[in-house]
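Q: Going by this note's numbering, 54 is the number at position 54 of the sequence shown; the sequence numbering is gapless.
Wrong hints could be hidden among the right ones.
If you anchor each label on the Cβ, the simulated ranges turn out as follows [what the hints assert, rightly or not]:
{"hint": "1", "residue 1": "Trp139", "residue 2": "Ser36", "range": "21 to 29 Å"}
{"hint": "2", "residue 1": "Ile87", "residue 2": "Thr48", "range": "52 to 60 Å"}
{"hint": "3", "residue 1": "Thr48", "residue 2": "Arg93", "range": "49 to 57 Å"}
{"hint": "4", "residue 1": "Glu54", "residue 2": "Glu32", "range": "26 to 34 Å"}
I should point out that these hints are in silico values taken from the structure, not numbers from a laboratory. From the three backbone atoms N, C-alpha and C, an ideal C-beta is built for every residue, glycine too.
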Amino acid sequence: MSHKVVQVVMYCCLIVALAGCASKRPVLYPNEQYRSAGPDAAQGDIDTCIRLAEEANAQGRLAEEVAARTGKSALVGGATGAVVGAIGGSALRGGLIGAAAGGTAALVSSAMKGPEDSPVFRRFVELCLFEKGYQVLGWQ
Numbered sequence: 001m002s003h004k005v006v007q008v009v010m011y012c013c014l015i016v017a018l019a020g021c022a023s024k025r026p027v028l029y030p031n032e033q034y035r036s037a038g039p040d041a042a043q044g045d046i047d048t049c050i051r052l053a054e055e056a057n058a059q060g061r062l063a064e065e066v067a068a069r070t071g072k073s074a075l076v077g078g079a080t081g082a083v084v085g086a087i088g089g090s091a092l093r094g095g096l097i098g099a100a101a102g103g104t105a106a107l108v109s110s111a112m113k114g115p116e117d118s119p120v121f122r123r124f125v126e127l128c129l130f131e132k133g134y135q136v137l138g139w140q
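Based on the provided sequences and hints, a complete structural model is requested.
A: Here is the structure:
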């Protein structure tokens with residue numbers, strides 16, 4: 001049973017890793033500034049604002065959030081695994097497997113996050129673009 005659990009965890013981590021590979025970028029509303037600058041210049045302005053946010057270390061407390069999220073997921077996974085394990089006859093084994101699976105999945109998912117996942121970073125980039133005349137609709 002533990003071999004199958006390890007396989008499932010590995011597949012989940014692979015899916016999360018593939019889904020998180022692309023960095024998120026702001027999507028601009030095609031207002032007058034966007035139309036007059038053109039798509040290429042607008043993308044250059046986005047790159048400039050992202051670089052400024054990185055230089056200002058605007059991602060905030062992202063590392064602390066990753067650690068907290070990983071710990072919480074391990075606790076939830078452990079509790080869920082203990083319940084499932086108790087039904088199957090081994091609450092301790094189920095709890096350990098669940099904690100490992102939950103913690104690993106959260107850590108891999110969080111490791112795939114970039115600075116653009118920080119609300120402070122996003123706000124920095126959005127304000128920079130606003131000052132250049134753009135309107136940000138969201139991030140993709």
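Q: So, for every hint listed, does it hold in this structure?
A: Here's how the hints hold up against the structure:
A hinted range of 21 to 29 Å for the beta carbons of Trp139 and Ser36 is consistent with their spacing of about 23 Å. At roughly 56 Å, the beta-carbon separation of Ile87 and Thr48 lies within the given 52 to 60 Å, and the hint holds. The beta-carbon spacing between Thr48 and Arg93, approximately 53 Å, falls within the hinted interval of 49 to 57 Å. Separated by about 28 Å at the C-beta atoms, Glu54 and Glu32 satisfy the suggested range of 26 to 34 Å.
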